[in-house]
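Quick mapping for you: the protein sequence lines, in order, are chains A and B.
Everything in the first sequence is counted per numbering that gives the first Met the number 0, starting at 0 for the first residue and increasing by one.
Everything in the second sequence is counted per numbering that gives the first Met the number 0, starting at 0 for the first residue and increasing by one.
Since the hints were derived computationally from the structure, they do not count as laboratory data.
Heads up, the beta-carbon is just placed ideally off N, CA and C, and yes, glycines get one too.
Be a bit skeptical, because a hint or two may be false.
[Unchecked claim] Now the in silico label distances, taken between C-beta atoms and shown as ranges:
(1) B:Ala213 - A:Glu158: 58 to 66 angstroms
(2) B:Gly62 - A:Pro241: 55 to 63 angstroms
(3) A:Ala187 - B:Asp151: 50 to 58 angstroms
(4) A:Ala341 - B:Ala270: 33 to 41 angstroms
(5) B:Pro353 - A:His190: 58 to 66 angstroms
(6) A:Arg75 - B:Pro353: 53 to 61 angstroms
(7) B:Gly420 - A:Arg75: 35 to 43 angstroms
(8) A:Thr354 - B:Gly144: 52 to 60 angstroms
(9) B:Ala270 - A:Gly89: 54 to 62 angstroms
(10) A:Gly27 - B:Asp9: 48 to 56 angstroms
[Stated by the list, open to error] Facing chain B, a subset of chain A residues (Cβ under 7 angstroms, in silico):
(11) Ser36
(12) Met70
(13) Gly230
(14) Tyr267
Number of protein chains: 2
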Amino acid sequence: MTREHAQALDAADPLAPLRDQFHLPQGGGLIYLDGNSLGLLPRAAAARLQQLIGQEWGEGLIGSWNSAGWMAMPSRIGDKIASLLGAGPGELVVADSTSVNLFKLLSAALAIQRQDAPARRVVVSERSNFPTDLYIAQSLCREHGCSLRLVDSPGQIAEALGADTAVLMLTQVNYRSGRLHDMAALNAAAHAAGALALWDLAHSAGALPVALNADGADFAVGCGYKFLNGGPGAPAFAWVRPALIDRCVQPLSGWLGHAAPFDFAADYRPAPGIARMICGTPPVLSLAALECGVDTLLAAEPLGGMTALRAKSLALTRLFMDRVADRCAGHGLLLASPDADAQRGSQVSLVFDPTSDAFGAAYAVVQALIERGVVGDFRAGSPVGSAQDRADILRFGVAPLYTRFVDVWDAVERLGAVLAGGEWRQARHKLRAGVT
Amino acid sequence: MTREHAQALDAADPLAPLRDQFHLPQGGGLIYLDGNSLGLLPRAAAARLQQLIGQEWGEGLIGSWNSAGWMAMPSRIGDKIASLLGAGPGELVVADSTSVNLFKLLSAALAIQRQDAPARRVVVSERSNFPTDLYIAQSLCREHGCSLRLVDSPGQIAEALGADTAVLMLTQVNYRSGRLHDMAALNAAAHAAGALALWDLAHSAGALPVALNADGADFAVGCGYKFLNGGPGAPAFAWVRPALIDRCVQPLSGWLGHAAPFDFAADYRPAPGIARMICGTPPVLSLAALECGVDTLLAAEPLGGMTALRAKSLALTRLFMDRVADRCAGHGLLLASPDADAQRGSQVSLVFDPTSDAFGAAYAVVQALIERGVVGDFRAGSPVGSAQDRADILRFGVAPLYTRFVDVWDAVERLGAVLAGGEWRQARHKLRAGVT
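Please take these sequences and the hints and turn them into a complete structure.
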């Protein structure tokens, strides 16, 4: 395999033109493999925000809540996101942050179980879940008199579910390893045990096909600023299975989730449907940028949509892994992501073997790579958990809307050069001296 | 008094140049008296957002969280807002919406009381409070086994406080009437009764001087998009009296309120100080616009700051009331705002006498005024409460940063013309026919 082969893959890629939707940093000179932290800027966003600010805010002012459709944004953008996740119109709403939405949905789920099955007082999750999910669950468990049961590996999830389980709460793609859960199987396991299934789609939405309804999920939240390209701190989303939504009571009962907000009625009455998951006035500027981001994914629909994007994503991560095995051999890099396609999200994570020279230097390696124009990500090992949980991770995300095969090729070439030339030692020296 | 007199007041106004900070709708042709719903666009916002989007997001990408100071925005903008509210640096943070922040603070206040004085299980507020405040309080009362005691007039507040009271929760300036509470006196009354005092500053922040520390408040939330000119749905803020913050536990325990978010630790440990009131990742685009808005108020500091702005605001509303009494005499308009300066926020609210021709036509009058280039606001009467609560209101906000005396003059002239010429009848006819 040669660089020309990677170029040929790009030339033959029907999704390649979708890259033109984005502003390419450093005139295309930067290889950005961190779209799973913050997606690239959609070109449309700057013009949209200029219009929003100058015309809709500056001229339309308060009237723009109706005339410019601001009031409809949470549901309009929600419908667009729903179409990427196997959900229907009116089932999903954009609001607040992922953490706040998780609070709403987990609270609603626990309240339903308290009514239907008061003995169910355990939330099952993974110790390796993203911390904010566990923090929110800790808070709600304390409040609801429940407890959190954390498993150490995916294989332990099924046996952790039982007659005491209220909710199975999982992040579909692990933020460190990129491990992808089988949503349908775990929903079935949860339901067989009498539990409700709540999913965090932070690293799934816009990265791979999700089938919330078909796979039997009950609740889902997710993030707007990763693969949805919604911009820094973009608002998040919340989805509830239609059959459950009318039973959902959530404690963040703000006026815009009211059935008739502008009646200014004395008592809270939740809006019908998913709109009850809205709380306060939404941040319109950030919503507008998110809509531009979501539209970059909808543009893939005529080209095969999420299914085609997923196939490309898997080809990109496969190429990344193959090239690491070849170009970085002998430097002690181990794959921390699943090798099986069905278990891997849209990223490749690597760790250093404890016996390798660069063990403990993952951060320095990431810094040295940045100096060579490749942006990956570093995630420090957890102070607790398994050996894999404790290892520092190099994380490389691919975004099939804009990552090219040649980007993967070049990124691994440079990673190999950083390791072979010992550049990470200088980077580590500078880091220790506090220079960078 | 003549229009020339109003013009002379503007010519002599040392704050007049502050208006140049704003984009003036319709080239200055529109008289906008709805800044208490959505403030005018600061001229700086368009350029700031362009820079943020093009450079910081487009080029800096994930690195901008540190290099462009995104991570510091909630506290940096919070410090600026604190300086307008008689609070110190590090005491106030920008986050989420007013509703969500109210949830955090009221929850923390109730938890403190549950620990210190478990028999205190009543939240005292006003029936005329903004609905979202009451909805959130209803939710938290249900959860904490507390109850909500609503009074019908400000004079009943003191007697409603007692040995059972946990929290006095008030909005300082009523959204309908513009009535302004005496914060120092009510804090003293709350504390004398052993209660904590929580304030919603939605119509206070940026409208009048607030002295949170000097006046002895315990908790405060407020809104970014009204007098702070932060743009549609701008993020809100939360403040806690420094002596209380280390005792505050709030249930929205998201990762960015953690003491060390990037340690990704297993257990939630609240950040020291007010940062624990942050939850998820903040909407950076909306935060940047809010900062431009807050800066328009800080620009008044060399000219006397909030004290000078308050004096101008009172002069503007006084002129408005005087002109209504003169120009609109005989049309049954009654003042729904307090006549006493010390009890009036930065708005004038009017109702129609039940015997007047235009009774029940307040919305049509507001529409007719908009056709004449004056944007005020309509608020429907409440289905419950006192006669005043039940009345439809015409609401005119003045923003001393940009509202001129001549604007007030012209607005009331046109209001008088609308009433005298019966234009509101045509507007009502059109509304009934569904034309507008």
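Against the structure, the hints come out as follows:
1. Take alanine 213 of chain B and glutamate 158 of chain A: their Cβ atoms lie about 60 angstroms apart, and the range 58 to 66 angstroms holds.
2. For glycine 62 of chain B and proline 241 of chain A, the Cβ-Cβ distance of about 41 angstroms falls outside the hinted range of 55 to 63 angstroms, so the restraint is violated.
3. In this structure the supplied range 50 to 58 angstroms holds for alanine 187 of chain A paired with aspartate 151 of chain B, their Cβ-Cβ distance being about 55 angstroms.
4. At roughly 39 angstroms, the beta-carbon separation of alanine 341 of chain A and alanine 270 of chain B lies within the given 33 to 41 angstroms, and the hint holds.
5. In this structure, proline 353 of chain B and histidine 190 of chain A meet the distance hint of 58 to 66 angstroms, their C-beta atoms being roughly 59 angstroms apart.
6. Separation of arginine 75 of chain A from proline 353 of chain B is about 41 angstroms and departs from the stated range, judged on CB atoms against 53 to 61 angstroms.
7. Restraint check, glycine 420 of chain B to arginine 75 of chain A: a C-beta distance of roughly 40 angstroms satisfies the suggested window 35 to 43 angstroms.
8. Hint check: threonine 354 of chain A to glycine 144 of chain B, Cβ distance near 58 angstroms, so the stated range 52 to 60 angstroms holds.
9. The beta-carbon spacing between alanine 270 of chain B and glycine 89 of chain A, approximately 38 angstroms, falls outside the hinted interval of 54 to 62 angstroms.
10. As the Cβ distance of glycine 27 of chain A to aspartate 9 of chain B is approximately 53 angstroms, the hint placing it in 48 to 56 angstroms holds.
11. Below 7 angstroms, beta-carbon pairs count as interface contacts, and serine 36 of chain A has one with chain B at about 5 angstroms; its hint therefore holds.
12. A least Cβ separation of about 10 angstroms between methionine 70 of chain A and chain B goes past the 7 angstroms threshold, and the interface hint is therefore violated.
13. Interface hint status for glycine 230 of chain A: upheld, as the beta-carbon distance to the closest one in chain B is roughly 6 angstroms, under 7 angstroms.
14. A distance limit of 7 angstroms between C-beta atoms decides the matter here; for tyrosine 267 of chain A the minimum to chain B is near 4 angstroms, and the interface restraint holds.
The earlier numbered hints that this structure contradicts are 2, 6, 9, 12.
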